[in-house]
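Trainee: Residue numbers (numbering that gives the first Met the number 0), protein chains in the order written: chain A, 0 to 350; chain B, 0 to 350; chain C, 0 to 350.
One or more of the hints may lead you astray.
Since the list gives no way to pick out one identical chain from another, each pair is judged satisfied if it fits inside one copy or across any two copies.
Think about it this way: if two alpha-carbon atoms lie no more than 16 Å apart in a straight line, the pair counts; the simulated EDC-like pairs of lysine to aspartate or glutamate are [stated by the list, open to error]:
no., residue 1, residue 2
1, Lys29, Asp238
2, Lys181, Asp164
3, Lys266, Asp242
4, Lys29, Asp136
5, Lys121, Asp136
6, Lys266, Asp82
7, Lys181, Glu264
8, Lys181, Asp303
9, Lys29, Asp106
10, Lys266, Asp307
11, Lys181, Glu279
12, Lys266, Glu233
13, Lys181, Asp236
14, Lys121, Asp10
15, Lys29, Asp260
16, Lys121, Asp81
17, Lys181, Asp136
18, Lys266, Glu208
19, Lys181, Asp260
If you are wondering where the hints come from, they were derived from the structure by calculation, not from laboratory data. Treat the numbers as computed from the prediction; the structure is a model and nothing was measured.
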Amino acid sequence: MPHLLDWRLLDDATWNGRLEAAVAHHRAGKTWTGSARGKSLAMLFFNPSLRTRTSMELAAAHLGAHVTTITPGQGTWGFAWDDDVVMDGAEAEHIREAVGVLSRYYDALGVRVFASGTDYEKDRADALLHTFARAADVPVVNLESAFYHPCQALADAATLTTHFDGDAAGKRFVLTWAYHPKALPMAVPNSAVLTAARLGMHVTVARPEGYGLDAGVMAQARAYAEARGATVTETADPDAAYDGAEVVYAKAWGGPLVYRDPAREAKLRQANRHWRVTAERMARTREAAFMHCLPVRRGVVVDDAVLDGPHALHLLQAEYRLHAQKAILEYVWDLPPSAPAPVSETLSDEA
Amino acid sequence: MPHLLDWRLLDDATWNGRLEAAVAHHRAGKTWTGSARGKSLAMLFFNPSLRTRTSMELAAAHLGAHVTTITPGQGTWGFAWDDDVVMDGAEAEHIREAVGVLSRYYDALGVRVFASGTDYEKDRADALLHTFARAADVPVVNLESAFYHPCQALADAATLTTHFDGDAAGKRFVLTWAYHPKALPMAVPNSAVLTAARLGMHVTVARPEGYGLDAGVMAQARAYAEARGATVTETADPDAAYDGAEVVYAKAWGGPLVYRDPAREAKLRQANRHWRVTAERMARTREAAFMHCLPVRRGVVVDDAVLDGPHALHLLQAEYRLHAQKAILEYVWDLPPSAPAPVSETLSDEA
Amino acid sequence: MPHLLDWRLLDDATWNGRLEAAVAHHRAGKTWTGSARGKSLAMLFFNPSLRTRTSMELAAAHLGAHVTTITPGQGTWGFAWDDDVVMDGAEAEHIREAVGVLSRYYDALGVRVFASGTDYEKDRADALLHTFARAADVPVVNLESAFYHPCQALADAATLTTHFDGDAAGKRFVLTWAYHPKALPMAVPNSAVLTAARLGMHVTVARPEGYGLDAGVMAQARAYAEARGATVTETADPDAAYDGAEVVYAKAWGGPLVYRDPAREAKLRQANRHWRVTAERMARTREAAFMHCLPVRRGVVVDDAVLDGPHALHLLQAEYRLHAQKAILEYVWDLPPSAPAPVSETLSDEA
Numbered sequence: 000m001p002h003l004l005d006w007r008l009l010d011d012a013t014w015n016g017r018l019e020a021a022v023a024h025h026r027a028g029k030t031w032t033g034s035a036r037g038k039s040l041a042m043l044f045f046n047p048s049l050r051t052r053t054s055m056e057l058a059a060a061h062l063g064a065h066v067t068t069i070t071p072g073q074g075t076w077g078f079a080w081d082d083d084v085v086m087d088g089a090e091a092e093h094i095r096e097a098v099g100v101l102s103r104y105y106d107a108l109g110v111r112v113f114a115s116g117t118d119y120e121k122d123r124a125d126a127l128l129h130t131f132a133r134a135a136d137v138p139v140v141n142l143e144s145a146f147y148h149p150c151q152a153l154a155d156a157a158t159l160t161t162h163f164d165g166d167a168a169g170k171r172f173v174l175t176w177a178y179h180p181k182a183l184p185m186a187v188p189n190s191a192v193l194t195a196a197r198l199g200m201h202v203t204v205a206r207p208e209g210y211g212l213d214a215g216v217m218a219q220a221r222a223y224a225e226a227r228g229a230t231v232t233e234t235a236d237p238d239a240a241y242d243g244a245e246v247v248y249a250k251a252w253g254g255p256l257v258y259r260d261p262a263r264e265a266k267l268r269q270a271n272r273h274w275r276v277t278a279e280r281m282a283r284t285r286e287a288a289f290m291h292c293l294p295v296r297r298g299v300v301v302d303d304a305v306l307d308g309p310h311a312l313h314l315l316q317a318e319y320r321l322h323a324q325k326a327i328l329e330y331v332w333d334l335p336p337s338a339p340a341p342v343s344e345t346l347s348d349e350a
Numbered sequence: 000m001p002h003l004l005d006w007r008l009l010d011d012a013t014w015n016g017r018l019e020a021a022v023a024h025h026r027a028g029k030t031w032t033g034s035a036r037g038k039s040l041a042m043l044f045f046n047p048s049l050r051t052r053t054s055m056e057l058a059a060a061h062l063g064a065h066v067t068t069i070t071p072g073q074g075t076w077g078f079a080w081d082d083d084v085v086m087d088g089a090e091a092e093h094i095r096e097a098v099g100v101l102s103r104y105y106d107a108l109g110v111r112v113f114a115s116g117t118d119y120e121k122d123r124a125d126a127l128l129h130t131f132a133r134a135a136d137v138p139v140v141n142l143e144s145a146f147y148h149p150c151q152a153l154a155d156a157a158t159l160t161t162h163f164d165g166d167a168a169g170k171r172f173v174l175t176w177a178y179h180p181k182a183l184p185m186a187v188p189n190s191a192v193l194t195a196a197r198l199g200m201h202v203t204v205a206r207p208e209g210y211g212l213d214a215g216v217m218a219q220a221r222a223y224a225e226a227r228g229a230t231v232t233e234t235a236d237p238d239a240a241y242d243g244a245e246v247v248y249a250k251a252w253g254g255p256l257v258y259r260d261p262a263r264e265a266k267l268r269q270a271n272r273h274w275r276v277t278a279e280r281m282a283r284t285r286e287a288a289f290m291h292c293l294p295v296r297r298g299v300v301v302d303d304a305v306l307d308g309p310h311a312l313h314l315l316q317a318e319y320r321l322h323a324q325k326a327i328l329e330y331v332w333d334l335p336p337s338a339p340a341p342v343s344e345t346l347s348d349e350a
Numbered sequence: 000m001p002h003l004l005d006w007r008l009l010d011d012a013t014w015n016g017r018l019e020a021a022v023a024h025h026r027a028g029k030t031w032t033g034s035a036r037g038k039s040l041a042m043l044f045f046n047p048s049l050r051t052r053t054s055m056e057l058a059a060a061h062l063g064a065h066v067t068t069i070t071p072g073q074g075t076w077g078f079a080w081d082d083d084v085v086m087d088g089a090e091a092e093h094i095r096e097a098v099g100v101l102s103r104y105y106d107a108l109g110v111r112v113f114a115s116g117t118d119y120e121k122d123r124a125d126a127l128l129h130t131f132a133r134a135a136d137v138p139v140v141n142l143e144s145a146f147y148h149p150c151q152a153l154a155d156a157a158t159l160t161t162h163f164d165g166d167a168a169g170k171r172f173v174l175t176w177a178y179h180p181k182a183l184p185m186a187v188p189n190s191a192v193l194t195a196a197r198l199g200m201h202v203t204v205a206r207p208e209g210y211g212l213d214a215g216v217m218a219q220a221r222a223y224a225e226a227r228g229a230t231v232t233e234t235a236d237p238d239a240a241y242d243g244a245e246v247v248y249a250k251a252w253g254g255p256l257v258y259r260d261p262a263r264e265a266k267l268r269q270a271n272r273h274w275r276v277t278a279e280r281m282a283r284t285r286e287a288a289f290m291h292c293l294p295v296r297r298g299v300v301v302d303d304a305v306l307d308g309p310h311a312l313h314l315l316q317a318e319y320r321l322h323a324q325k326a327i328l329e330y331v332w333d334l335p336p337s338a339p340a341p342v343s344e345t346l347s348d349e350a
């Protein structure tokens, strides 16, 4: 079943093919191809969305497919997820039935289900996403799960590829932690570091002590980088991290600590309010591009001067979401490419 | 006006025609016909929905029609329903205006409005549904009202017809009450018993003392059955009811008692927690098919072993919702059949 | 950028052209033209909607365009609007990013954002609407803002034009304040008085002392009227206002007083509960048409006898919303007229 749950589960040929397709769709512009006419997609958003929902709805429309967007709990039943459950509580339906039924109607399902923030093993295994996928008889697209955000990852990869004229390999990519009033999940930073490493970029993860990303994710990132002659390093210095950077990707996250001791994590986070992307810090870079997945908190995560400055790529990233969604739908439905032939011959193919 | 409010209001020719159309659509598969191009449908869901909303949206899309789904109170105004009301409370709009306006825009309206649970005469007369229909200048489809669920009824009839190779008449159908933490409404059990009787099945309603269905519904079921040489019986034995059954349709309901004395009903319901569909009970049947309209509470209404077993038809029922919706839209819009010619010559035509 | 923020900002040629287009669409009926195929529209409703949402969705569908409807806060993030804000509160995203992103996906954006009710200068300047429009790279349609409702205005103008056989100029139009349990905003009365004046009608605004409309709006209305040889007058007499009226347009509003002293306004409003459109008052008119934008509170704003009587135009007004939306989409996308040629040669062209 051609699910898109997590790019780690798919080989380089698939990853590179989708990256080329996303770039090609971007070049082609907002084209209505109709190549998915007669197909339909249902998306279930257990958490809020602006870009993912709209870009996927529009991508499907461009391809000619029908989309239904469902917000469970708003006009639908609540769902139970666990096996062997006695459902005498608030949930009226098991996800197994819900997904089973929707599999009979639609040709693909999308699901957004964020991290629990309380059960680390469950979150790092993306347990709910995989429960959902097991219940499906049609392809499932991860619209952001506990640990991964493959739609964002593909858009980011295409943005970086475009920004570096087709070859991001060897460029210096800094993922920097940022303060945020909430302990956010790790799907985006996990995906960003894996994406950059898979592109063969030199990756630095800058974060305060106590905010290291998941060990498994970091090991995978290192494996990607090494196979491409690149490196993955970490630092706890919020200033030196910027030195020589060619891309600064900002993101807030609560990290593994929030699972073990949320009170301590909240306190530690407050103590790191100075981890903000400022014009001063950006001045240490090699005119680095600024990236963020959005939504972003102005004046908290990043200063207006950076976001409104000439090196900000966040709107291009968001724009690429539309084109990445088309590339993803073409994958899950095995559609012929509907855009002009891919343009980049330079994408890495090893590992 | 070709409303679909309740199958009881429509003659056998219409009922049989729709049943044949639903079966034919199912055989044709997920086909996009475009036969309703230029038509539009607005659905108002005053109560939650998963299957009804998605199956109708997709059925309309398959036929080429445009659908708008409205959840009153979420992004719209609240509505007043009564005549001669002075609207100085929370409701900003009368249903008469809302339906009048939507009648100017759309070619059909769907509405889901559940039972009040407090006014039995109003609920058994489907007062809100008929208020809605009176205000409409275009056909109205009942997406589940206080007392009837004709979309489910048609899907169930088609499922039974398919399961019994075109002729369900004479088969033994058991509708069994089941425990549920809430006092659910009666639209589905009412519709299920009427459907089975109209198919000429021998119907048994198994329910604890105090949970008898509405006398008018039971009388109508008996009339359908007698005209077809079949029977309708009742029992309060949760085990013996299964003996010889060829279909077990499980459903929870609060029943008329909840209107008269909700506290007593709640207590009585608790005392009947053992009314659950178990593998042991199913073993008393003639390998009966298990049916449920969904959503279903696992471990409460039915055991996993039954729901995940080889005789469960609940997903086929749900799948048939899509095809039944097409047959219903074709009725209200008087469309030519868009699927291959009907296949069953065996559907009952008497009464 | 061909925004439609407020008809005051557009010249008479544009206004008259759109009015003719709306009338022509109405004559053509519910036609599916496909003239906007390949276009897409996203609508953001920060406040509830029934007519505006459904009429715009359907108008776009008739023209062949794709629509996404977003209800911020229901399945999306909350937005910050102010410049130079430090976003450490509840809002997760700035409207500048949200609009920037949607501008990359869609070919036009619609937004409904009601009056604050607390900051009069901000509301009368339509500050949020203009903030939204400044952030957009594509045309923006005002789906009702703090001070204007141009979609309603165009539908009202077309309704009046149709009602008076192509020429409403010189007819007597009364906008009467009505009691309502809430202090409603002024977008509709502002738009109604400007619309009637721009049509060259003799306008009377009947309202209790303390409920005069904004001075700038009244001055603009007078300018429109004078240029067309018509008049704008005001009265505080809830009965005499009806004498000789040919149109009675009812609307409740809180007025400028609610900004300065909400407690006093509430008391004053209660003292004017008798400002209701009754059959007795309508009998003083020259068989005046009754108009209301809806939703309307029966028995509070207007008696059932008037609303259900032969001179009520509220459903025609609502019906015209669909046709006005088509005329508006054709404007913002600069589409060729898709309906039969305009019919009225009599629309005023001066001023």
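Trainee: Using 16 Å as the alpha-carbon threshold, which applies to Lys121 and Asp10: within, between, both, or neither?
Mentor: Close neither inside one copy (24 Å) nor across copies (55 Å); limit 16 Å.
Trainee: Indicate which option fits the pair Lys29, Asp238 if close means a Cα-Cα distance not exceeding 16 Å: within, between, both or neither.
Mentor: neither (40 Å within a copy, 58 Å between copies)
Trainee: Classify it for me, Lys181 with Glu279: is the Cα-Cα distance of at most 16 Å met within a copy, between copies, both or neither?
Mentor: The answer is neither: 25 Å in one copy and 51 Å across copies each exceed 16 Å.
Trainee: Should Lys266 paired with Asp307 be assigned to within, between, both, or neither, using CA atoms and 16 Å as the limit?
Mentor: neither (31 Å within a copy, 48 Å between copies)
Trainee: For Lys29 vs Asp136, is the C-alpha pair at or below 16 Å within one copy, between two copies, both, or neither?
Mentor: between (31 Å within a copy, 15 Å between copies)
Trainee: State whether the alpha carbon distance between Lys181 and Glu264 is at most 16 Å within one copy, between copies, both, or neither.
Mentor: Answer is within: at 10 Å inside a copy they meet the 16 Å cutoff, but 41 Å across does not.
Trainee: For Lys266 and Glu208, with the copy left unspecified, which applies at a CA distance of at most 16 Å: within, between, both, or neither?
Mentor: within (13 Å within a copy, 57 Å between copies)
Trainee: Within a copy, between copies, both or neither: which one fits Lys181 and Asp236 at a CA-CA cutoff of 16 Å?
Mentor: neither (22 Å within a copy, 56 Å between copies)
Trainee: Quick one: Lys121 to Asp81, C-alpha cut-off 16 Å, is that within a copy, between copies, both, or neither?
Mentor: within (12 Å within a copy, 39 Å between copies)
Trainee: Check Lys29 against Asp260 for me: Cα-Cα at most 16 Å, and say if that holds within a copy, between copies, both or neither.
Mentor: Answer is neither; intra-copy 47 Å and inter-copy 51 Å both fail.
Trainee: Using 16 Å as the alpha-carbon threshold, which applies to Lys266 and Asp82: within, between, both, or neither?
Mentor: neither (36 Å within a copy, 29 Å between copies)
Trainee: Could you place Lys266 and Glu233 in one of the four classes (within, between, both, neither) given a Cα distance threshold of 16 Å?
Mentor: Close neither inside one copy (22 Å) nor across copies (62 Å); limit 16 Å.
Consistency with the previously given hints fails for numbers 1, 2, 3, 5, 6, 8, 10, 11, 12, 13, 14, 15 and 17, ordered from lowest to highest.
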